[in-house]
Each structure stands twice: as structure tokens, then as C-alpha cells.
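K.L.:
Chains A and B, in that order, give the protein sequences.
Just so you know, the first sequence maps onto residues 1 to 250 in the numbering used here.
Just so you know, the second sequence maps onto residues 1 to 236 in the numbering used here.
The reader is advised that the hints may include incorrect statements.
Calculated lysine-lysine pairs in the DSS-like style (CA-CA distance at most 25 Å, straight line) [stated by the list, open to error]: (1) A:Lys126 / A:Lys95; (2) B:Lys52 / A:Lys52; (3) B:Lys231 / A:Lys69; (4) A:Lys132 / A:Lys26; (5) A:Lys52 / B:Lys24; (6) B:Lys129 / A:Lys72; (7) A:Lys187 / A:Lys231; (8) A:Lys73 / A:Lys110.
Honestly, the hints are just simulated from the structure, not real lab data.
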Amino acid sequence: MLEVKNVHKAFGKNEVLKGVDLQVDKGDVVVILGPSGSGKTTLLRCINFLEKADQGELIFNGQHYPFDKVTKKDILNIRKKTAFVFQNYNLFNNKTALENVTEGLIIGRKVPKEEAIRIGKKSLDKVGLSDKYDSYPSQLSGGQQQRVGIARAIAVNPDVILFDEPTSALDPELIGEVLEVMKLLAKEGTTMMIVTHEMSFAEEVASKVVFMDGGSVVEVGTPRDIFHNPKEQRTQQFLRRIIKNFDYVI
Amino acid sequence: MLFNTEFFIKTFFTALKGLPVTLKITLMALILSLPLGFLFAVIRLKEKSFAKRMVSVYVSFIRGTPIVVQILVIYSIVPSILSVVIKRFNLPFNIFDINPILYAYIVFTLNTTATLSETFRSALVTVDKGQLEAAEAAGLTRFQGYRRIIIPQALVAAIPNICTTTTNLIKSTSLAFLMTVKDITAVAKVEAAYGYNYIEAYLDIWIIYILICILVEFAFKRLEKRLKVYKTAAAS
């Protein structure tokens, strides 16, 4: 359903992505792991054109979009079929929780207002915020804000949701509520690409784990492969550093 | 030298006849400068371009010259240019028929645009970059993102400075008499000149200006309060 080929991206002289290939099928939960600076976030942002990749191609729903030739219209259309959940939530500060969720429907997708409000409320109910429709982001905790962020993503019924370290900015006691929502989505078969450092969560929900380092994909496999039987030395080293007492032999 | 109370009261109302002119200049300058200033701010925030350099030269020129000099320059240059144009194309009107308020519009718009572009520039950078990214990721166009998400938030930061700019503009219009425009100040000066009652006349317009500015401040405070509802909601 979604595939990227040979993605290259450099910020000035700093080459962040050095030819990344990745495939996501419908219903996949792809978790991208890797040390900081490995290009995980940049890859995710390139897929949604929040960064403009220098080279490579995106194949989305059978359509080929070379990164250097993609038009504004293409980008808008791709964005209307995807959703992005940000590390620091990026909720619209001047909008209530419900307005945050309906904005992309009413303005972006021309959904009638009543219909959008109905979908918006349903989305907020799903993330457990039925009592916060009219709250502004400044009135919500980090965990609540991120759940609004997720509601905003699911409301538009996207083909894929891109999560960029959705729990990294949260206080430890608030991480759980966000991960629970994401687990629910995974169970329902939502296609997701998730950059995260939550290892046990990754192991639980992922259908595919991608390990990146230095701007390239080092290893791809099932959670079982990657967490318990990693082949590459760099993967082993990373997991050993991240997970205390990690043992990759079962 | 006696304080002529009767003249003082009478001139207060006479000077008020100049109020529409003062307000007309102010409003015209604001209506033109608000969108222009915003456009220039966006241009200045963009990456290097020719337009960006031009805007920044323009802002420096306006900021670096006294408004009195700008008035004198525009008031002498623009009519000369116009008269050349009129002669060249044999246009059927006389340069002396042009209402001098036109020159006032030009000067004060040029001036206010420069100030407002800086106001908007600083206000726009207070809005986190992620807000526009989120708007675009949600399927909004860049324009929609600016209109619905960025500008409403930037306005909250800009309002106090727009208020200052507006009151400064109102006060600056008092220099329009240099272009023979009959604003509050010009009317008062003319009245005073008959009998050398300058103190009374100046006190009159002093009161008028402060009244207008207090009203403007009040209006902006109300507006600010309304615009930043989303920020103050947390406290309630």
C-alpha cells in the first residue's frame, strides 16, 4: 500500500537518509527503531512531505510519486489520505479539542459540519476524552493532548497513520494512556508507522520492526526476529543499550 | 495673557470638524497597511530572495528617516511626478485639483506598512512551526493553515503592537497640515492664528487626541481579550 524507495535526504552537508527502502502493507504496524540521529523521524516526515526528500520515490496506493517531481496537488492528496501524530502533539492552540479533530474534515476534506462534528465526537470518545470536547489544549494534560492528536488522526479515516515518537514528550505516568489507545488501534487493524523508544510496546503491537542506524535500514523483521534474534551487530548493540539485561537468545 | 475660556470651548468644537479627516487618514492607512504589512512580513520570513532584500531596504528607509522629512519629500516629489505624467499623456485634469489628502494617504500608508511588517514578523515567529506542519498534515493548504491556525495566534501576539502603531498613526496625522490637509491640528492652528490664542487651541487638540487614543486603546483591549480566549481558558 505504501512503499518508499531509495530515499535520500540531506540537511546541508549532513546526509540524514542514505537510500532507505521500506514497505508497508495494509493493516501493518511498522515500528521503526534506532538510535537518535539515525533518520527515523526524517523518514517519517519525508513520507508526509513535511520534509522534502532529495531523491527517491514514494509509491502510495499504486501511484508513483518521485520525490523530486511531486506537485503541490499530489502532496495535498497524499496528506488527505494520511495522518501524522507529532512528538509534541502540535494541537491547534486556538481550537478546542473537538475543533482540532474536525478542522481537517471540514476545511481539508469539505465534510459537512454536522457530519464532521459527529465523527469528531466519536473519535474523541474512542480515545477516552468524551468529557473534553470543548477544552482548549492549554487546559489538557500532555497525555490528553496526545490523545486528541490521535483522535485528530483517526477522524479522517486515513490509509496510514504516521506516529513520530508519540510518547517521548510525556511524563512517565502519562505514557500508558497513549499507548493503550495505540494498542486499540493496532488491534482494529489500523495501518500505522510508529517511531518509538517504547520497546515492550513495540514488541507487543508491531507486525514488522525496522531498525535504522546512520541513515539506512539495518535490519527488518518480525518483533520476535528483531528483539530476540537480531542478526546484525549494530541491532544487538542498540538493543543491549536500550533494554537492561537484554538477552537476545531466548 | 489671559486664558480665553470662551474661545477654548468654541475651538474645541471647531477642531472636531477636522476629526473626519484625521480618522479618514488613519483608517485608509490601516486598511492598506494591514494586508501589505502582513505580506511584507511573510516575505521577510522566507528564505533569501530579491523581494526579501527589497522589503528590508524599504523598512530601513522608512525607519531611518523622520516622518516630517517623508512628508516633505512625498509632498514635493509625488505632485512633480504626477504633473509630468499628466502633461505626457494629456490627461484632462489639473494637478492642483488633487485633494492633498491623497498625499497623506501615501505617506502614512508607507510609514505604517513598514512598522506593521515588523510587528507581524515578530508575531509570526512566536507561533510554533509545528502548528503549520500540523495544519498541512491535517490536509489543509498552506493558505488555509495560515488563515485558520497561524494568523489567529499571531494576532494575539501582535495586537498590543498594532494598538501602539495605531495610536502613533493617529498622532502622526497631526503632521498632515504640512500638506495643507485640514485635519484636527490644521483646523485648530487656523483658528488660533486669528487672535493668537495658541494655548487654548493646542490644549483643545491635546484633549481631542488623548480622547481618541484612549478609545482606541480600550477597543484594542477588548479585542485582545476576545482573541486570546483560548489562552486564558486554562485559568478559569
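K.L.:
Taking the numbered hints from earlier one at a time, note which ones the structure violates and give those numbers from smallest to largest.
P.N.:
3, 4, 5 and 7
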